[in-house]
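Colleague: Line by line, the protein sequences give chains A and B.
Position one of the first sequence corresponds to residue 17 (the working numbering), numbered consecutively onward.
Position one of the second sequence corresponds to residue 333 (the working numbering), numbered consecutively onward.
Just so you know, these hints were derived from the structure itself, not from any lab.
C-beta: ideal position from N, C-alpha, C; glycine also.
Any given hint could be a false lead.
[Claimed, not checked] Pulled from the structure, derived: some chain B residues nowhere near chain A, Cβ distances all over 12 Å:
id	residue
1	Thr339
2	Trp342
3	Ala343
4	Glu362
5	Arg404
6	Gly407
7	Glu440
8	Thr471
9	Ala645
10	Asp650
[As the list claims (entries may be wrong)] These stretches of chain A come out as covered by chain B in the derived footprint (C-beta under 8 Å, 3 or more residues):
id	stretch
11	54-60
12	66-78
13	108-119
[What the hints assert, rightly or not] Computed spacing ranges between beta-carbons, pair by pair:
id	chain 1	residue 1	chain 2	residue 2	range
14	B	Ala508	A	Pro20	55 to 63 Å
15	A	Asp36	B	Ala343	56 to 64 Å
16	A	Thr120	B	Ala645	53 to 61 Å
As a plain string of letters, each chain reads:
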Amino acid sequence: MNFPADLKYSKSHEWIKMLDDTTALVGITDFAQSELGDLVFINLPQVGDAVTKEEAFCDVESVKAVSDVMSPVTGEVAEVNEELLDAPQLLNESPYEAWIAKITGITEFEELLDAAGYQALTEQQ
Amino acid sequence: MIRRLQTLTWAGTDPYENLALEECLRRRVEEGTCILYLWQNRPTVVIGRNQNPWQECRSGALRSDGVLLARRPSGGGAVYHDLGNQNFSFLVNEADYSVKKQLSVVVEACRSLGIPAEISGRNDVLAEGRKFSGNAFLTHQGRCCHHGTLLVDADLEALGRYLSPSPAKLRAKGVASVRSRVVNLRQLREGLGVEQIRESMVEAFQTVYGLEAEALDARSLPWGEIGDLAERNRSWEWLWGRQLPCTLQWAERFGWGELTIQLEAEGGVVRRAAVYTDAMDWTLSSALEGALTGCRLSGSDLARAVADLDLAAEVKADVLSLLEGQEI
Chain A
17 MNFPADLKYS
27 KSHEWIKMLD
37 DTTALVGITD
47 FAQSELGDLV
57 FINLPQVGDA
67 VTKEEAFCDV
77 ESVKAVSDVM
87 SPVTGEVAEV
97 NEELLDAPQL
107 LNESPYEAWI
117 AKITGITEFE
127 ELLDAAGYQA
137 LTEQQ
Chain B
333 MIRRLQTLTW
343 AGTDPYENLA
353 LEECLRRRVE
363 EGTCILYLWQ
373 NRPTVVIGRN
383 QNPWQECRSG
393 ALRSDGVLLA
403 RRPSGGGAVY
413 HDLGNQNFSF
423 LVNEADYSVK
433 KQLSVVVEAC
443 RSLGIPAEIS
453 GRNDVLAEGR
463 KFSGNAFLTH
473 QGRCCHHGTL
483 LVDADLEALG
493 RYLSPSPAKL
503 RAKGVASVRS
513 RVVNLRQLRE
523 GLGVEQIRES
533 MVEAFQTVYG
543 LEAEALDARS
553 LPWGEIGDLA
563 ERNRSWEWLW
573 GRQLPCTLQW
583 AERFGWGELT
593 IQLEAEGGVV
603 RRAAVYTDAM
613 DWTLSSALEG
623 ALTGCRLSGS
633 DLARAVADLD
643 LAAEVKADVL
653 SLLEGQEI
């Protein structure tokens, strides 16, 4: 299980990478993808969507189930990774490169964990 | 920890209302409660949340046989429902969710009827190595739905009749279906009916959870909300108008020349049309492209757009029959 040190993590298993003070990439963690199983589809958000911290902003379908992906921040979707539409398996293969959305105009964050804190959380589960 | 069991056996067979009722139960289920909802659909093809109906089903055959199309909120592939099939749904909070326990209700219900069922792999239930129950799952806003089919005496051949892919060349994003070897439970236990499986499910539900179940009073449900959800479930936008892009292509040779039509659709509407032909009428391509762009992706809508064009009678008749004959 991989926990890159330069990322922040949410308790609902998303990672966030800050690009500047109010812009970030968001994806799902290595732990999340391994719990979900093989991903077969992602319902991406749309550019311009407003997202709210701790609320669902897109969903993924794995061989097990359809599940929400929560937003760790409040802001607006500036870009989505359309490559995932054709290749949702990238979320399994390289979860920290397969960003889902770029969020801009971030005004609020949920309480995020650092790599060590998040690793401790996954070890309890 | 589940402390309370509720059951609802619903007699309506409208798939749009049935799915609306399920969604409403899911939204409202309280922590510590597990609801078992039993329902049946009249003949309907049910596709998964992220499936493309153009890819999954022969809509022309559905229309001519009066079979409905519905989309469920959970993942997975297309299935055919009729009154020989019994559906069940478990609605619980995430903290109370246990696929294994829920599946064991199905296994216990079958065993009580003398059918040796077993859980196989992650989420299949088999009897004598064949599948009689397809299961799908959804977690949304902290609440979960695990629902599935129980083939008792369903028309197994209908699957092949309605689920063959469209004959048009189609490339689409979305989740593809996987075929399984299926069996009706009545083949394993003579005379079995859906009513018995319903009773056994309620019995097994109580046995597995070790609690008495109370029957949910349908009159207490918010019927306004259920009506709105049912409307959404039967809307063109919900069934066909998803944002998933797809492309279709047809080519045919006619007496007056060869015609190739390529359509790129998104949200169920043609965003771009490209027409290639060696016909004498050099305006034909651009006229067809103009007419088809912006149309809803259905054979009859496309044909209607072409019917208004000023074309040679023979050409128009051929193009119309090509478009109307498509399984879209």
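Colleague: What hints, given by number in increasing order, does this structure fail?
Modeller: 5, 6, 8, 13, 14
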